[in-house]
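The hints should help you fit chain B onto chain A, whose structure is shown.
Protein chains in written order, with our numbering: chain A, 4 to 453; chain B, -19 to 182.
Simulated from the structure, these hints should not be mistaken for lab results. There's no promise every hint is true.
Below, in silico cross-link-like pairs of lysine-lysine (DSSO-like), each with a Cα-Cα straight-line distance of 30 Å or less [claimed, not checked]: (1) K311/A to K58/B; (2) K362/A to K167/B; (3) K21/B to K104/A; (4) K58/B to K21/B; (5) K47/A to K160/B.
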Amino acid sequence: MDQVRLIHDFVDGMLDSGQEESLFLALSSSDELRGEMKDLLAMKQAARTYTEVYTPSASSTMAVFGSLGFDRPKLAYSSSGNIGWAARTTNFYRRNSNSVKTGIASSVITAILAFFLLQPDDAIFNISSAGINGKSGQAQLLNNSAKNEIPVVASSADMTEKVSSLSMLNSTGIDAAANTSSDFASAMHKRNSGPNSAPADVTNIGAVNTNAADTAAGNINEDIETANSSINSAINQADNFAAAVNMSEIGKSGQFTSPLPGHLEFNSFYYIPRTANVRVAGISDFRLQDLDGFTVELRGSQNWNSEKATINPADNALFNNYSLAVFYDLSEVFSIGYDLRQETFFNQFYGADNDGVMKTYETQPNYTSHGLALRYYILPSESFKPLAQLTFGGNSVGLTSRFMAGLKYEPYRDIAFIIGLEYSNLTYWFDNNSFNSSKLGLNYGVQFLW
Amino acid sequence: MRFWQAWIVNAKRSIMNVNFPTLNEDDLIEFIRGSRDDSEKAFTEIYKRYAAMIHAYCACMINNRQQVEDIFQDTLIKFYQNVRNDSRKINIRGYLITIARNLCLNYRRDRKLTVPIENMEFLIETYQPNERTELLELMTMAMNLLDFDYREAFVLREIDGMSYEQIAEVCGISVANARKRAFRARKKMKDILNPYFSDVYS
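Extracted from the complex, chain A is given alone in its bound form (with noise of 0.2 Å):
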């Protein structure tokens, strides 16, 4: 291997000990040798300290972050001695971004669900028979759909409010179901007490209850069948107790059924039984009726910055310029509603560097938007409707504010069009200065309503 050799790989750091020993050996004697390893030196050395090459740009890495929805290294928001609430606001959704999603989504799955589940809907919360055995003369459960239910207890209070209400609709039918055939009272008297009259009202139905697990079977069927076709028309004419109250078991022969709601299951004068069939609501009980007064709306955008801009997205984002929005009507006039967007904003801004430098920074980043919208119809009761809407929002680097004033066209009952002229803004912080970018967009997009 030549010398020259030698010192390449010796600068390299590519010669083991004894070729380094023969080189230190001809590098002694040959000025040559030793001015080629000056220069190969003092290349390496100029190599390793060509700062120049080795600092990108501070925009770069502005626009390699911005373009990847990050921020920067360097954070643009760590300093926040004398910064607004608003940056706070920023702040703390950027650090708990995952948190706020998970609770806004809880939020409303829960919503959803209590809004469905919990109506106070005896169609929902379903009856369908209840009763007690009296022929052998104790309480027995017929229906034992559900034998570990808990027997809930109601307060008195609040039983004999609903007890009266339930004796009126009992009146009512009975009243009716009197005219036409016979009474009643008398017919629940007759079949479980004979010949003693008895008012009918729901203690007496009651009191009656009572005896009945008291009275022998033997001697009433004939009455039963009576009573049987009264209460059946009673029942058709009495929409609302019908409705609570499944009777379809009563004048089955030997018993007889309670004709209490199943959520009146007990107190000091009445015995429910405790498997009465109270079904809570399913995901079958789903009607999209129940979603009377909510929207679902889509929307699409094309959008001009207020500001030339000088750099465009590195890559647009899935769905970018698409916006999907849930509305609740509130009134005729008003909607409130979620808006979730897609979009870009140019951001043109300036700062000082890691040098104190002071630059402008041009980035065009995806974001996703996240806002709360209000929206009024000016003719509530046209087919084209005029309408304003202010947005107030955030995402991950500042804070979204919105107007658009447009038209709703409603051809159909179920699908209605929007188009609209919107301005947005977004509000940024960069080194405890805030700057705004701003855009128009022209929205078009379908509503589908319930």
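What follows is chain B alone, placed relative to chain A:
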């Protein structure tokens, strides 16, 4: 498979308080493929470690300053996107340089070889060069006189400090060939700079 990787990353994250600057390359890649929060921190760490190297490579391989910045940005953005969509084990340094190299080659292939006179910009600067800047400028000029392959070998070895094995992998050549290219590049550089060295040491 990706589900389990994500699960492992989350488990690690929850068990230990992650100090990203201390993570090795494999862990950083795992975190980049994880949640957005982790991904951002891991990418930031990778940026801190390798941005200078990538930028140096681009700056030495491409003469156009604006193109250098564009290629540098594209390299890192592509790196992030590719890593997120790729479940294979990755050598970060090699992967980054490979992307940058491909972009540089694309640029060299697509660039216009002539520039209309009206698009020319003239920059007049006055400065007092010192010995170091003078040598660097001469080295830059000397590098531009090298063939792409030799220049690349020189940059990867002398500027980016890569081993010959890594250079061989990135360039798709043998290790011996990589050493040979680096040696020839240095020798050629030395020959070009000889008048300067003679002047300095005389």
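Violating hint indices (sorted, rising): 2
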